[in-house]
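2 protein chains.
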Amino acid sequence: MHQKLREHIEKVITLTDDEFSLVLSHFHFRSFKKKEFLISKGDSNVDCYYIVSGLLKLIYDDENANEHIVSFSMEDWWESDFIAFFTNTHATMSLQCIEDTDVFCISIENYQKLCDSLQKMEHFLLKKSNSGHIASQRRILSFLTSSAKERYDLLLKQHPSLFQRVNKTMLASYLGVSRETLSRLSS
Amino acid sequence: MHQKLREHIEKVITLTDDEFSLVLSHFHFRSFKKKEFLISKGDSNVDCYYIVSGLLKLIYDDENANEHIVSFSMEDWWESDFIAFFTNTHATMSLQCIEDTDVFCISIENYQKLCDSLQKMEHFLLKKSNSGHIASQRRILSFLTSSAKERYDLLLKQHPSLFQRVNKTMLASYLGVSRETLSRLSS
DNA sequence: TCTAACGCGTGACAAACATCACAAATGTCA
DNA sequence: TGACATTTGTGATGTTTGTCACGCGTTAGA
Chain A
1 MHQKLREHIE KVITLTDDEF SLVLSHFHFR SFKKKEFLIS KGDSNVDCYY IVSGLLKLIY
61 DDENANEHIV SFSMEDWWES DFIAFFTNTH ATMSLQCIED TDVFCISIEN YQKLCDSLQK
121 MEHFLLKKSN SGHIASQRRI LSFLTSSAKE RYDLLLKQHP SLFQRVNKTM LASYLGVSRE
181 TLSRLSS
Chain B
1 MHQKLREHIE KVITLTDDEF SLVLSHFHFR SFKKKEFLIS KGDSNVDCYY IVSGLLKLIY
61 DDENANEHIV SFSMEDWWES DFIAFFTNTH ATMSLQCIED TDVFCISIEN YQKLCDSLQK
121 MEHFLLKKSN SGHIASQRRI LSFLTSSAKE RYDLLLKQHP SLFQRVNKTM LASYLGVSRE
181 TLSRLSS
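One line per chain: the protein sequences are A and B, in this order. Numbering-wise (full-length UniProt numbering), the first sequence opens with residue 1 and increments by one. Numbering-wise (full-length UniProt numbering), the second sequence opens with residue 1 and increments by one.
These are computed hints drawn from the structure, not numbers from a lab. From a predicted model like this one, the values you see are computed outputs, not experimental measurements. Some hints could be false.
The list cannot tell twin chains apart, which means a pair is met if one copy fits it or any two copies do.
[To be verified] No more than 27 Å apart at the CA atoms, straight line, and that leaves these computed lysine-lysine pairs for DSSO-like:
#, residue 1, residue 2
1, Lys34, Lys120
2, Lys34, Lys168
3, Lys127, Lys34
4, Lys34, Lys4
5, Lys34, Lys11
6, Lys149, Lys41
7, Lys120, Lys4
8, Lys35, Lys113
9, Lys128, Lys113
10, Lys128, Lys11
11, Lys120, Lys157
12, Lys41, Lys128
13, Lys41, Lys113
14, Lys41, Lys157
15, Lys168, Lys113
16, Lys4, Lys149
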C-alpha cells in the first residue's frame with residue numbers, strides 16, 4: 001500500500017528510503033466504505049487525501065439541499081475541500097465515497113511540516129497544486145464555452161470509465177444539468 | 001516599481017536585499033497599452049505575469065470566434081494561460097489589456113530556476129498556486145450552484161470596482177450569459 | 001423472498017436564456 | 001466639428017433546460 005504512494009511521488013521526485021519514511025510519517029492510511037464521508041460539511045480540521053483505490057465525489061449542498069458534484073476523484077488523485085484545507089476553515093463541501101476507498105490523509109499542519117522538513121516534497125506539492133489549478137481552469141472553460149450536450153460528450157471522451165462507475169443522476173449533477181435533461185441528451 | 005513586487009512577496013516570506021535582487025533577476029518588467037496582447041492564442045513560450053497596475057482579461061475564443069472571459073486580473077494578482085505556462089505548450093487562451101498595464105513577467109524556465117535557487121520562493125509560489133486553485137474552485141461552484149442573476153449579484157458584491165472599469169459586454173462574457181440577458185438582469 | 005428504495009426514461013408545461021433586429025446615447029479621432 | 005464606431009437597452013421569437021408527475025424495471029436489505 002505504501003508502495004503506491006511512493007511510486008506516485010517518485011514520478012516527480014526521487015526519494016531515499018529514509019526520506020520516504022519521513023514522508024510517510026506525515027500521513028495516515030485509512031479505509032472507507034461506500035457512502036461513508038471523508039469530509040462532512042461544517043467539519044473543522046479538514047484533511048487532504050491521496051486516493052490509493054476507489055472513487056469519491058466532492059459535493060456542495062446548496063440552501064435548497066440540492067447536491068452539486070464539484071468533482072469526482074479516483075485512483076492516483078489528490079482531493080479535499082481545498083478551500084477549507086488551505087484556509088484552515090470549516091468545510092463548505094463534503095467528500096463522500098461512491099465505492100469503497102483507501103486513502104492516505106494528511107492534515108494541513110503535517111502538510112506544512114512536510115514542506116519545511118523536506119524541500120523536495122514542497123517541490124512535489126507545488127507540481128500537484130499547479131496540476132489541480134489547471135484541471136479547474138479546464139472545467140471553468142467547459143462551463144463557459146460548452147452546452148450541456150457538449151460537456152456530456154467531452155466527459156464521455158475524457159473519462160469513459162466514469163460512465164460505468166457512476167449513475168446518471170451523479171453525472172448530471174457534475175455536468176450542471178438536471179437528471180431529466182441528461183437522460184434526454186444521451187438518448 | 002520593484003518595491004511593489006517586493007512588498008507583495010514579503011506578505012508571505014521575508015527576503016534580504018540580496019535575495020530580492022536574485023528574485024528580481026528572474027523577472028522582466030514590461031508595460032502594455034490598452035488593447036495590447038500579453039499572450040495571443042497560439043503563442044509558444046508563454047510567460048506568467050505579476051500585475052503591478054492595470055487590468056487584464058484572460059479570454060478563450062471558441063470555434064465560432066465568440067470571446068469567453070475566463071478571468072479578469074488586476075493589481076496585485078498573478079495571471080497567465082496556466083495550462084500553457086505549466087505544460088509548456090501553445091497558448092489556447094489570450095491575455096489582453098483592458099487598461100494600460102504594468103507587469104513583471106517570468107518564463108517557465110526562470111520560474112523553475114527560481115524555485116531551485118531559492119527555496120523560500122518555492123514556498124511562496126506554492127502558496128500562490130494554492131490560492132489560484134481555490135479561486136478557480138469558487139468559480140466552478142458559482143457555475144454549478146448559481147443562476148446568471150445570482151452570479152451577477154455575487155460579482156457585484158465581491159468586485160464592485162469591476163463594474164466601473166469593465167463594460168457590460170465583457171461582464172456578460174465573464175458571467176457566461178449573453179449581453180442582452182445581462183442587460184435585463186441588471187435593470 | 002418480499003418489500004421499499006433507487007435508477008432511469010418520458011410526457012407536459014413553465015422558466016430561463018439566446019438570438020436577431022433595431023434605435024438611442026455615447027465615445028473616438030482625424 | 002463631423003463621421004463613424006461602440007455601448008447599451010429593449011421588443012419579438014425560438015431554443016434549451018428545469019420542474020413536476022408518473023411508470024416500470026432493478027437492487028438491496030430485513
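The hints, checked one at a time:
| no. | hint | result |
| --- | --- | --- |
| 1 | Lys34 - Lys120 | neither (35 Å within a copy, 41 Å between copies) |
| 2 | Lys34 - Lys168 | within (17 Å within a copy, 47 Å between copies) |
| 3 | Lys127 - Lys34 | neither (30 Å within a copy, 33 Å between copies) |
| 4 | Lys34 - Lys4 | within (21 Å within a copy, 50 Å between copies) |
| 5 | Lys34 - Lys11 | neither (29 Å within a copy, 43 Å between copies) |
| 6 | Lys149 - Lys41 | between (31 Å within a copy, 26 Å between copies) |
| 7 | Lys120 - Lys4 | within (18 Å within a copy, 29 Å between copies) |
| 8 | Lys35 - Lys113 | neither (32 Å within a copy, 45 Å between copies) |
| 9 | Lys128 - Lys113 | both (17 Å within a copy, 18 Å between copies) |
| 10 | Lys128 - Lys11 | both (11 Å within a copy, 23 Å between copies) |
| 11 | Lys120 - Lys157 | neither (35 Å within a copy, 41 Å between copies) |
| 12 | Lys41 - Lys128 | both (24 Å within a copy, 25 Å between copies) |
| 13 | Lys41 - Lys113 | within (26 Å within a copy, 40 Å between copies) |
| 14 | Lys41 - Lys157 | between (32 Å within a copy, 24 Å between copies) |
| 15 | Lys168 - Lys113 | neither (41 Å within a copy, 46 Å between copies) |
| 16 | Lys4 - Lys149 | neither (36 Å within a copy, 46 Å between copies) |
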